[in-house]
Structures are given as structure tokens and as C-alpha cells.
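Number of protein chains: 2
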Amino acid sequence: MADVGGSSGVQYFEGVEKLLEIWFTRNDGAVKQCDLRKISRSKWESLLKIVRCEVISFVRNEHVDAYVLSESSMFITNRRFILKTCGTTTPLLCLKPLLMLVEQYAGFNEVEDVFYSRKNFKRPDLQLSPHKAFEQEVAVLNSFFKDGAAYCMGNMIEDCWYLYTLNPLGEGNKARRGIQEPDQTLEILMSDLDPDIMNVFTREESSSAAEATQKSGIDKLIPNMVIDDFLFEPCGYSMNGISKKAGPELAAGCYMTIHITPEPEFSYVSFESNVPQSSYKEVISRVLETFQPGKFVITVFANKASAAAASPKELERHTSFGDWLRHDVQYCRFKNYDLIYAFYSKFPS
Amino acid sequence: MADVGGSSGVQYFEGVEKLLEIWFTRNDGAVKQCDLRKISRSKWESLLKIVRCEVISFVRNEHVDAYVLSESSMFITNRRFILKTCGTTTPLLCLKPLLMLVEQYAGFNEVEDVFYSRKNFKRPDLQLSPHKAFEQEVAVLNSFFKDGAAYCMGNMIEDCWYLYTLNPLGEGNKARRGIQEPDQTLEILMSDLDPDIMNVFTREESSSAAEATQKSGIDKLIPNMVIDDFLFEPCGYSMNGISKKAGPELAAGCYMTIHITPEPEFSYVSFESNVPQSSYKEVISRVLETFQPGKFVITVFANKASAAAASPKELERHTSFGDWLRHDVQYCRFKNYDLIYAFYSKFPS
Chain A
1 MADVGGSSGV
11 QYFEGVEKLL
21 EIWFTRNDGA
31 VKQCDLRKIS
41 RSKWESLLKI
51 VRCEVISFVR
61 NEHVDAYVLS
71 ESSMFITNRR
81 FILKTCGTTT
91 PLLCLKPLLM
101 LVEQYAGFNE
111 VEDVFYSRKN
121 FKRPDLQLSP
131 HKAFEQEVAV
141 LNSFFKDGAA
151 YCMGNMIEDC
161 WYLYTLNPLG
171 EGNKARRGIQ
181 EPDQTLEILM
191 SDLDPDIMNV
201 FTREESSSAA
211 EATQKSGIDK
221 LIPNMVIDDF
231 LFEPCGYSMN
241 GISKKAGPEL
251 AAGCYMTIHI
261 TPEPEFSYVS
271 FESNVPQSSY
281 KEVISRVLET
291 FQPGKFVITV
301 FANKASAAAA
311 SPKELERHTS
321 FGDWLRHDVQ
331 YCRFKNYDLI
341 YAFYSKFPS
Chain B
1001 MADVGGSSGV
1011 QYFEGVEKLL
1021 EIWFTRNDGA
1031 VKQCDLRKIS
1041 RSKWESLLKI
1051 VRCEVISFVR
1061 NEHVDAYVLS
1071 ESSMFITNRR
1081 FILKTCGTTT
1091 PLLCLKPLLM
1101 LVEQYAGFNE
1111 VEDVFYSRKN
1121 FKRPDLQLSP
1131 HKAFEQEVAV
1141 LNSFFKDGAA
1151 YCMGNMIEDC
1161 WYLYTLNPLG
1171 EGNKARRGIQ
1181 EPDQTLEILM
1191 SDLDPDIMNV
1201 FTREESSSAA
1211 EATQKSGIDK
1221 LIPNMVIDDF
1231 LFEPCGYSMN
1241 GISKKAGPEL
1251 AAGCYMTIHI
1261 TPEPEFSYVS
1271 FESNVPQSSY
1281 KEVISRVLET
1291 FQPGKFVITV
1301 FANKASAAAA
1311 SPKELERHTS
1321 FGDWLRHDVQ
1331 YCRFKNYDLI
1341 YAFYSKFPS
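Protein chains in written order, with the numbering used here: chain A, 1 to 349; chain B, 1001 to 1349.
What the hints contain is simulated information worked out from the structure, not anything from laboratory work.
Some clues are possibly wrong.
Here are the in silico distance ranges between beta carbons for each label pair [as the list claims (entries may be wrong)]:
hint: 1; chain 1: A; residue 1: Glu158; chain 2: B; residue 2: Glu1045; range: 35 to 41 Å
hint: 2; chain 1: A; residue 1: Ala246; chain 2: B; residue 2: Ser1320; range: 39 to 45 Å
hint: 3; chain 1: A; residue 1: Gly294; chain 2: B; residue 2: Lys1038; range: 56 to 62 Å
hint: 4; chain 1: A; residue 1: Asp28; chain 2: B; residue 2: Asp1125; range: 41 to 47 Å
hint: 5; chain 1: A; residue 1: Asp28; chain 2: B; residue 2: Lys1220; range: 49 to 55 Å
The beta carbon of each residue, even a glycine, is placed where N, CA and C say it ideally should be.
In isolation and in its complexed conformation, chain A is listed as follows:
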């Protein structure tokens, strides 16, 4: 990602992203005319100003609008909003204007589900309010949503991952059944990466984003994707991929996205995709071979209707990927989703 200027040598940059995903609906079910993509580009740009980032590239297909941002990415489908931003961005400050935009221009009047998540920051002290602590972030989220629940997965002292989502109590409330269409998300959050590989994502070694994409093998991670990539000056890389082949993945607004902070002092790479697969083992292995992290967190969400419904369970049994040994694993069942969190590292590190 873009580096920030500073006084002393290499300025620290927080690669770890804040990931906000919101699904909208209507309380009367009349969603036919509703669409988040009715919101104009200039309205999104105003919103992103509040978040402290901007659009630097854009691709779309029939089902998803994909934006590369100065700090990570945004994906908009009919009723799903995904905003992933790194650095010192402030995505939770956009909640109020976002909900207003959505009601006024997209026609939805109800939030069906919310997922706000992030890995622990390396330097929380450098964040802006309310992102200095998860408790502060939760307080903001709770001021907008009912039935919110907050979790910390993994070792709170070292590598962990925070999640806020809706987890309504009780049964039988149809309006609160959650997302019924197939949904799944895989994230791989990698740290301490191979410096030679990270070098590919500098202007010194690669003359263009396309060159970095090809040299690194990113173009081979998930097939049939239109790739929108960006190589920052002097280093840093972002890419969005969206499905290009007609079929259920295209219709579901499938995407992938990778963001790379290559500086050896604080190298970080994130991989995320909602491509449905009954097993993510091969994709994960390809990603690990491509980036060679010293350590990484995996999270997989899958709801009951998803082709990946059994994938969290499969990963629960997976104590290693090659030389990467699992050190922590937690399995969570929510009302509508299963979630696995796992942390792996190379040993000896």
C-alpha cells in the first residue's frame, strides 16, 4: 500500500485492514427496485473522504462494482457493501452517512447483517479514533446496530482477530434469520513475508502492476478473474479480481482482493475471496507458496447454504500447511454462520 511520509528512515505503515461488510434489505420485503449501485460515484467518493481514502481504479461486471482505493478496496453488489481499508483510515466514521445514502438512493431500509473485523494492529497508538481500540470500535457499531456481539479470536497478547457481527438472541423471528443465500469468505492475513518476494512489489523491481501480478503468480491464484491491479510508488500493491465467466460465481458477485505492504520492517499481505469452494486447502496452499509468510491468520466464514459449509470443519482438522504449524485454532458457531479462526507459523521461526 501507499507509504506515508515521515522524518525517520522508513515510516511505519499499518498494512492490517479494517473490514466492514454490510448486507441490506427492506423490512417489507419489497427489494425489487433496491440496488446499492444506484448510489452515484460522486456520492461514494464523498463517503470515502470521511474514511480518509480515495478511488484510484475501478472495474465492474453485471453483478459487482470493484474499486481499488488509495488504502485497499471497496466492493458493491445489489445489497452487499464491502469496505476494506488499511493505514490510518476511519471506516466506522462513515456509518451514519452510509446508512443515509443507502436509504435515500438505494431504497433499502434495514440492515440484515454486519461483519466488522480486523487483525490486531501492530501500532494501535498510530490509529485515529475510534480505531485505537476494539472496545471503541464496538461502542460506535453498537450505537447503530441492534443485537451486536463482539469477539476476539486467538491469543489476545500476540496475534488475534476481532469480529463484530449481529447475533440475535432467540428463535422464530423470521426477520432475523440472517442471510439465506449462499455466502462464504476466506481471509488469509500474512506477516513476516519473504523479502525477495516482497521486492517484486516495489517500483525498483517491477515496472508495472501487471508485471508484479504476473511475476509473483497472483494471476494464477484463482482462475477466471478480471484483474484490476495497482503498484504504488515507491512500493506497495493492491489488486481486485472479479469473476469473468458467466455462472453462479459471476451472479453472486464473486471477488478476490490482495493488498501488499512490502517493507521488510513491517511486511504484511492480505488475501480475501468469497469464491465458493467445498475445500479451501488448495487455494490456501497456493497463496502460501506465492507469498511465503513467516506467520498467518486464516478465517473462513460460511453459512448453511454455502458450498463451503463444511470448510470451517475441514480446517479445524488441519494442523499444518507444509512447514507452517498451527498454533491456535478457534471454532465459532453463530446463528447462521460457522467461523473458523486459525493461526499458523513457521517453526523454528
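Since the structure of chain A is provided, determine the placement of chain B on it from the hints.
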């Protein structure tokens, strides 16, 4: 538990306990002459002063010394130390003197494993340092132990449960394999209890601890236990049970312990036992029928050698106990232990 005096009507009492369990060994394996029960009663009493509680009753058998304390309980076996204290006690302040006592009088020179856990306090502001926040507690524990890891299970906003334990990285280090003998612990931490049942644990309704034990059905929860019970003035109840029948449970220092804060404004009951069972469903059901909580947390730890090894998995599938519906569940695999955390509540509450 004992009520604390105060100015305004019913004074708040924190029933939620801090639970510290430490297993000791020797780095040279020469444990034959080592025994925590070599530490004299007066030494334990001095230690408990630092924790701000005292011994009020005592039973023992060949394998375990069981103390009822003014705030909960302490269990000492050959190499296992368990201290469970409620109210505003400060168990983590005794770590330094405890480790010194153990080395000097019991002969152990190494900590094999540590488990420090508690539910979230209802009134953390009333706690004394370092117990005002889990982060503070973790800092103290980390100053004594290597390879510590800290977890929060469940919804951090409402009902959750904190755990600190050793989770060393890597493989092959024999000294760090953890506890190899069968070990398991079941806890049920109950809130919002039936006021009529809680009344049994007041001096008004029961003239003695034995009467409360029998009337409530506590004596039938786990068979073959020597019961040491105590009824506080004007209300509150504690009991320890230790195995009385020769056999593996006696040899393993098996115990049960129950602590009751009956005041309707902040009623709380904890049940804990390390009796090995392949399934805890029946014990849990008996406990729930006995106390009728509005909501409760269950945790089960079991290591690979335990007869209860499959019990965490069994509970993962258990979405309800009668009218109590599960609202949160997390499954954790540590190096040597599996752990399940689950939160249930009555609906509608």
C-alpha cells in the same frame, strides 16, 4: 458467599470467581519426594491473607486437601494447586510467595501448566488491582510465566469468559508437552437464578448448611462425595466435595465445588468438578434442574488422556438443554487440551 457490609440497602457482592490452577513439576524429573501438601497450614493461611480471604472449613483424603474459604475454595493435591476466590479477592498477588513456598517446601522447581480463568465481572470497577481488567491480570501472569496466551471466549460486550494458559509454540520440546495424566474440568457459571431456590441458601429458610445441601438436592449432583458445606450469615453458601470411594477418581484427587450468591439483585451460582465422565450431559442437566438459572456459561477442558476427551465435541453439537437455548459457542484446541465454551439462556428471558 459472605456478604459485605455497606450503606445502601443490599450491598453488591461479586459472586464471579477468579480461578487459578497451577500444575508443578521438576525440570530434572526427580519429583518423588515433592508434594504440595508438605506446605504447612499456617503457610497457606499467610498466603491467603495476601489474597484477602481465610480458611473456614477443611476436609481431606489421601489425595486431596480441600479448603472452604471465606471467599470460595482451595484444593491441594501432590502437584496441583487450585485457588478459586470470589468477591474482591486478589489471587494474582499471591503468585510470587506461592512459587517461593512451592520451591522451598514442596520441592518442585517448574510450572508445568497454568490456567487462570474467570467470567466477566458484573462490577469490574469494584475490583482491586490487578483484577480491574483482564489486560492487567495478563500482565501480572506474563511477568511470572513463559509462553502464556490469553483468550476471551464469547461475546465481549455481554457474557464472556477469560482464560490465560500456557500454549508454547513449536513441537519436540519434551519438557513442554504439558500434563500427560488424564485431566478434565467442567464449570457451569449460572446467573439470574430462581429466587425461590436461592432462598434455600439463606439463614432464614435453612438452619444449617446440611439442611440447605439436602433441601436443594446438591447432595445428589455427584455421588460418592464427602461434602464439606458452609451456610453464611445472613445468606450465601459454599461446598466442597471430595471422592470417598477408593478408585481412580479418589487417586486423581477428584473434587466438586459449589458457591452460591443468592441475593436476587445479583444472584450467581458456580459449579465445578474434575470428575471424569465420557459425557457431561447428565451432570449438567442435574445442575440446571437444581438451580434453574436464567442464563449460564459452560466450559469443559479435557486433555487427550482424559475419559472426557470427546466431551467438548459432544457439547459443540448440543444446541439446547430443555428451555435453555445456546446463543454462543466456541471451540478451542490447545497443544494438549480441547476446550469448549458455550453460553445458554432461557428464551424469552
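Evaluated hints:
1. Glu158/A - Glu1045/B: 35 to 41 Å: 38 Å, holds
2. Ala246/A - Ser1320/B: 39 to 45 Å: 44 Å, holds
3. Gly294/A - Lys1038/B: 56 to 62 Å: 46 Å, violated
4. Asp28/A - Asp1125/B: 41 to 47 Å: 44 Å, holds
5. Asp28/A - Lys1220/B: 49 to 55 Å: At 54 Å between Cβs, range holds.
Hint check: a violation occurs at hint 3 only; the rest are consistent with the structure.
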